[in-house]
Every structure is written in C-alpha cells, then in structure tokens.
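Asker: For the sequence shown, the positions run 1 to 700 when UniProt numbering is used.
Simulated from the structure, these hints should not be mistaken for lab results. This one's a predicted model, so the numbers in the text were calculated from it and none came from an experiment. Beta carbons: idealized from backbone N, C-alpha and C, even for Gly. Errors might be hidden in some of the hints.
With a Cα cut of at most 25 Å, we get these calculated SDA-like pairs of lysine to any residue [what the hints assert, rightly or not]: (1) Lys392 / Gly547; (2) Lys526 / Tyr442; (3) Lys432 / Asp471; (4) Lys392 / Asn182; (5) Lys611 / Leu678.
Have a look at the derived ranges for each label pair, beta carbon to beta carbon [to be verified]: (6) Val443 / Leu194: 40 to 50 Å; (7) Gln346 / Pro208: 30 to 40 Å; (8) Ala394 / Asp210: 16 to 26 Å; (9) Ser674 / Gly322: 25 to 35 Å; (10) Thr69 / His37: 52 to 62 Å; (11) Pro208 / Gly617: 47 to 57 Å; (12) Thr69 / Asp460: 33 to 43 Å; (13) Asp210 / Asn614: 46 to 56 Å; (14) Arg474 / Val399: 24 to 34 Å; (15) Val443 / Ile71: 32 to 42 Å; (16) Pro50 / Lys21: 24 to 34 Å.
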Amino acid sequence: MPDAPEGVRKNRSCEFCRMRKVRCDGQKPSCRTCINHQRECFYKPSSLKPRPTQAVIDELRAENKELLTAIQRLKDGAGPERVRPTLQSIRDKDQGARQAVSLLSPLSSSNISLHNPDKTQDGAGESQHVHAAPDRASVNTSPYLSVDECGNFNNFGPSSAWQMVIETPRGVGTATAPNIQNTLVANAALSRQLEHQLATFDELDGVPIDLAIHLLDLHWNRQHHTFLLTYRPAIIRDLLEQGEFGSRFLLNAIFACVSKFSTRTEVCELAAGSHFFRRCDELINQENLLFNPSLPTVVGLLLLGSSYVARGLTTKGWLLTGYALRMIFDLGLHIDQEPTADDAIQIEIRRRIFWGAFICDKLQSLYLGRPFAIKLRDAHVSLELNDIMEEKEAWTAYVDTTIPSATNAITHGPHVSTCSVSCFQYFCLLSKIMTRIIDEFYVVGATVTGAQSSLRSIDDLLQKWEKNLPDGLRLDPTAHNSSNVVHAPNVMCLHVIYSTLVVLLHRPLVADGHLRSASPPAASWKRCSDAAERITRVVSSYRQLYGLRAAPYLISYGLYVACTIHVRNTGANTNEMGVDHRLLLACSLHWLEELAVPNPAVLRTVAIIHKLINTRGVDLSMYPEPAIVGITQTSANTMQGQNSEGAIPSIAATITDTRDYPNFFQSEWNESFSDDILYGVMDQQFSSFGEFMPEVDLLH
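Let the sequences and hints guide you as you build the complete structure.
Answerer: The following block contains the structure:
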C-alpha cells in the first residue's frame, strides 16, 4: 500500500473495528479481526487538523466567560431597561445576539411616535413625538430567556412575559404607509357616501329605520369620538351587507347607550332606551355571546358596561366590562400586528378597540375604585391609526329635524375640526399616566414614601403631556377674551380629564389620610385649586357651546372632583376671595345636577357635595338656581358675538391669574376626606334605577 501523502495520516483502527468499537491491532494490509471475520480491511485516511493556538484558546475562554456573565446578569433579575445594554455588551461574532438585540425595545423610553394626521398623502411632514408615561414593568423576564450553545437566544414559558421586551412594530415601511393610509381614507369616504342606502331598509332588528338612523346619527356625533370603539366604515358596510359588524347585539348596544341623549317622544316613552337594554340581554342569552368572543361583542359589552355605570347599575356594568376585557386577551388584541394592504382595515379596528378598552378600563377603575385589567406592560399595541378621515372633518352639533328649531337652539354650535384621531391618541397617553396615579396613590399598599417620590415624576409627565399637545388640541380656558378659538366636545372632555388627574395626583398628599406626611407639599393644594377652577371654566364653555344634555359621564366625574376642592376653598375664608370660590362652587354644583338627567348615577355625587356644603356651613343663597341660569344664559348670548372661549364673565372677571389660595395646612383643616372620596365614588348600586332595568340572568 503506497505511503500516505504528507499531511495525511492513517487511522489507527480500520473502519470495521472502529464501527464495532472493538480493539484493532492496526496491521497492514489486514488486521487480525478482519482476517478472522473474512472481511476486507479498509483504513480511511483523514487530514491532520491543526491544533488551536494558545491565542485562539484564550479568546474562546474570554468569550465564554463574557457570555456566562451576561446570562448571570439576566438571571439576577435585571429590569427590562438593562436587557438591551447587557446584550449589546456581548461581542457578537454571529447573528444570534444581534437578532435578539433587534427584538428588544427599551420600555423606559419616554417618547411614543404618533402618526401625524396632518401628514400629506405624498408622505411629507414629520411624525409627532409625544411624551408618555414610562412603563414600569415589574415582571422579571430573565427566567424566560435562554442562550443555547450556539449563542442563539430563545424564550420559553408565558408568552406575555416575552412580549414585554419585544418591540412594538412602529408601523409599516415608508413606501407602504402612505398607500395604506390613502386606502383607508378612501374606503371611509366611500362608506360615508353609502350611508344613505340605510334609508331604503324598513327596519334594523325591529327598530323603524327612521328611529334607527336617528340613534346612529346621535352616536356618531358624540359618543363615537370619545373612545373610537365603533369603526364607522365597517359598521355601515356590514349593516348593508349583513357582515360581522352588522351584529344585532352591537346595533342594540349602540341604540341603548345613545337613547338617553334623544329627546324624541318615542324614545322617551321607552324609558330612556330600556327596551334596547332588554334586547341586548336577550341576544346575550340567545346567541351565547359571553362564550363566543368576537370583535362586535367586545365593543357592545364595553358600551353597555359604561352606560350601566353611568346609570347607577355598577355591578352589571363592571361585570359586562370585565367580560369584554377578558375577550380582548382571548382574541389577541393586545398583540400588535403590522398592517398590510390585505388586512389594513382589520388591524385598524383591532387597534381602536384595544385602546378604547384601555381607556374604559381605567375610567371604571376611577369611578368604582376597583382594579383595572389591562396593565401598562400589556399596552404595547401601536397608537398609529391610518384612517384619519375624521381628524380634520368639520364637527357640527346634531340637529333633529323632527323637533322644532326652538328646542334645538342650544345644539347649533360652531363648525370646528373634530380632531378625532389625535384627541383619541392623547387620551390613550393620558390614560397611561392615569394608570400610574392609581397604582402609586390609590391601590392597597400605597405608601407615603412611594407617593412622594412619584409625585414629581408623574407631575412632570402631566405637564409634558400638555406641553406636547398639537395646536388643534390646545385649550386655555383662562383666555376668555380671545376670539375664534373653539373646540369640539371631545377635545374639551380631554382637558377635563387632564385637570381631574392633577387633583387626583395632589389631593392625597394634603388629605388627612395614610399618604399625608408631617409636612405635605405646600404647592399641592394650589395645584388642586388651579385644576378645579380650570375644570369649571372648561365645563362652562362646553355648556354654553353645546349644552350638557349630551355630555359624557366623565364630565360629571370631573365636575364632582372640582366641587370637592371648591367647597373647601369657599369655607376656608370669609373675605372677598371666598366669593369667587362660592361662585365656582355654585355653578359647578348646578351643572352637576343638570348632568344627572341623562346619567342618574350623578345624583350620588350631588348628594355628597350637598352634605359637604352643610357640614362646612357654606352659604350659597346668593346664587340660587335661577340666578345661575341667568348668568350662564347671558354669558352664552354674549359669547355668540365675541367670547368664543365660553368662560362665564362673572367668573373670569373676579378671579385673577395670580392669587393666593387659603392656607390649607392650618390646624382648622386637619379633617378627613373620607366623605368625598375620589377613587371609587360610584362603588355603590343605585337602586332607584332598578325598576327601569330588570336584571337578566346573563349566564342562563
């Protein structure tokens, strides 16, 4: 057998012995084992492998140590904000770590890029960056991360924990985003042109078509713009084509919730829509909707839940909302998807429903004092909405042509931009800050140290939120002499909630409760007083422009919060400054009573404020109801000519921009705030409404 070439050596064992793992004597040309088995003996030559140098060995050892150190850091409970730096510190010689780093996003980022509704169709313009509340994720994700021997990152265990550190898709590429936006806007415009075809129907689920269109128009005019739960093009399309969003349950839920705003005789005779509420209960039972989640069912349950709470049936409202929120996760709406040309409408609907549910969840937590279901760590669905049809659309108050013009006088408001998309996006960001306030100040376990340490950061977030508002959403209720500055109702509601959160943030630190320290911050009560006055001014403008008959329930909550501050400022002193606060209190209380007409649950807050007035010995006799009505009507008439900002002249003229509020921290103010709680004020069933809304066994 010829000698092996240089650099190649023969195996010590033949192939037969090596495969059988038996001893081979290595004899040539045939070993003894192969001779005994009468087999051909074959030796396979192999190339000599160079031994690794010491430098290569040292480098591999250093890399191995570096990887083990990084893994140990992750296992030691490093927060999400430390994950990216830890992974980036690894020397990347393959694509494993680089791929993992590209999937991670810093949860502590203070900026969320929102789509700019003003962006032109050719893609010009810049995205707006809006400061949002940092997501303080508390779950340790290190147990769900692993690195295999090849350096590839894997995850296991609960998928939601991994989603916490997966970057939310920030929209489609620049080449396709304008196309998707143009497609959705065009689809919305075409859908609007088809709405008149509904008039060719005789009825919608037994409701005469004239009444059905009337209730739908009321919904699109007010309720729709607050939460954007109902995607108008999809509902109109499916009503005409008997599609998914033409659901009888969703349709009756819309009718039930908006019926309280109708002044038509046939609606009033139905006990403010009790027929539609009962119909919804029937459909829930007949179609087994609670056990068959769908997008229309989620929307219908959220609408009903909010309406039941506003009407005083808190238990039923809470339970229906809870079903909807569980369906959110069951349907995967908390997982964002990148829109394509094929599913852009569906992705748009999913995003709107998720964020609308997020807002409803936080508001009900405030009203009822109960825990919310969607945590900040779950709120990573993109806020970028591509259908901007309603952003610059002119908003005009709904006018029912079947009612004499005199009855509709108050509803003839100005023509303003709806700003529906941007207002909704900023409401979502505000709701994220609301979540932090509830977590730090109102849930069980809140401490003085934790609250005080969070006060500055959350207050900064609120101020940054207001500072970053686009021009169309800015509102200065103190500028009562300015002209041609009018906002749509949904924008004014946004500012009421903002000022309400300021009070919710600062009042616990001055109240005689578990969060008050020996030396509460002196500026907190002034911040509460400024915010309360701002709420009254905004509602004053709202009432004069649009009336309170169709105002949402959140306006009532904001006015109640303002009254809790006004009543204490009024009782704190007897000088001329006290008259200003007395007027603020009198007007706010009167408007709160007006809001109890469409929302019976508001009567509970009215009773609380009256009790506080009696306890503090506050005298409002100089502002009887007829006098207040006269003041506001006179102001409304004046506003038609010049005062478009809508502030009451009597209030605006007697309160200057710089003033000192009563020293709340004097000994006489060491009182409890337990009689006028802010978190959970509505956590009580309003029994007087029960006769109109008989309970139905939803699980039958």
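Asker: Please go over all the hints and tell whether each is borne out by the structure.
Answerer: Hints and how they fare:
1. With a C-alpha separation of about 23 Å, the suggested pair Lys392 and Gly547 falls inside the 25 Å cut-off, and the hint holds.
2. Under the criterion of a C-alpha separation no larger than 25 Å, the hint pairing Lys526 with Tyr442 is consistent with the structure, at around 21 Å.
3. For the given pair, Lys432 sits about 22 Å from Asp471 by alpha-carbon distance, which is consistent with the 25 Å threshold.
4. Of the supplied pair hints, the one linking Lys392 and Asn182 holds, its CA atoms being roughly 15 Å apart against a limit of 25 Å.
5. As the CA atoms of Lys611 and Leu678 are separated by approximately 15 Å, the hinted pair is consistent with the 25 Å bound.
6. Restraint check, Val443 to Leu194: a C-beta distance of roughly 47 Å satisfies the suggested window 40 to 50 Å.
7. A hinted range of 30 to 40 Å for the beta carbons of Gln346 and Pro208 is consistent with their spacing of about 32 Å.
8. Here the CB-CB span from Ala394 to Asp210 is close to 25 Å, well matched to the stated 16 to 26 Å.
9. Separated by about 27 Å at the C-beta atoms, Ser674 and Gly322 satisfy the suggested range of 25 to 35 Å.
10. For Thr69 paired with His37, a C-beta distance near 54 Å keeps the hint of 52 to 62 Å intact.
11. Remark: the range hint 47 to 57 Å for Pro208 to Gly617 is upheld by a beta-carbon distance near 54 Å.
12. Restraint check, Thr69 to Asp460: a C-beta distance of roughly 36 Å satisfies the suggested window 33 to 43 Å.
13. One distance hint, 46 to 56 Å for the beta-carbon pair Asp210 and Asn614, holds here, with the actual separation near 48 Å.
14. At roughly 28 Å, the beta carbons of Arg474 and Val399 sit within the given window of 24 to 34 Å.
15. One distance hint, 32 to 42 Å for the beta-carbon pair Val443 and Ile71, holds here, with the actual separation near 35 Å.
16. Roughly 27 Å separates the CB atoms of Pro50 and Lys21, a value that falls within the hinted 24 to 34 Å.
Comparing the model with each earlier hint shows no violations; every hint is respected.
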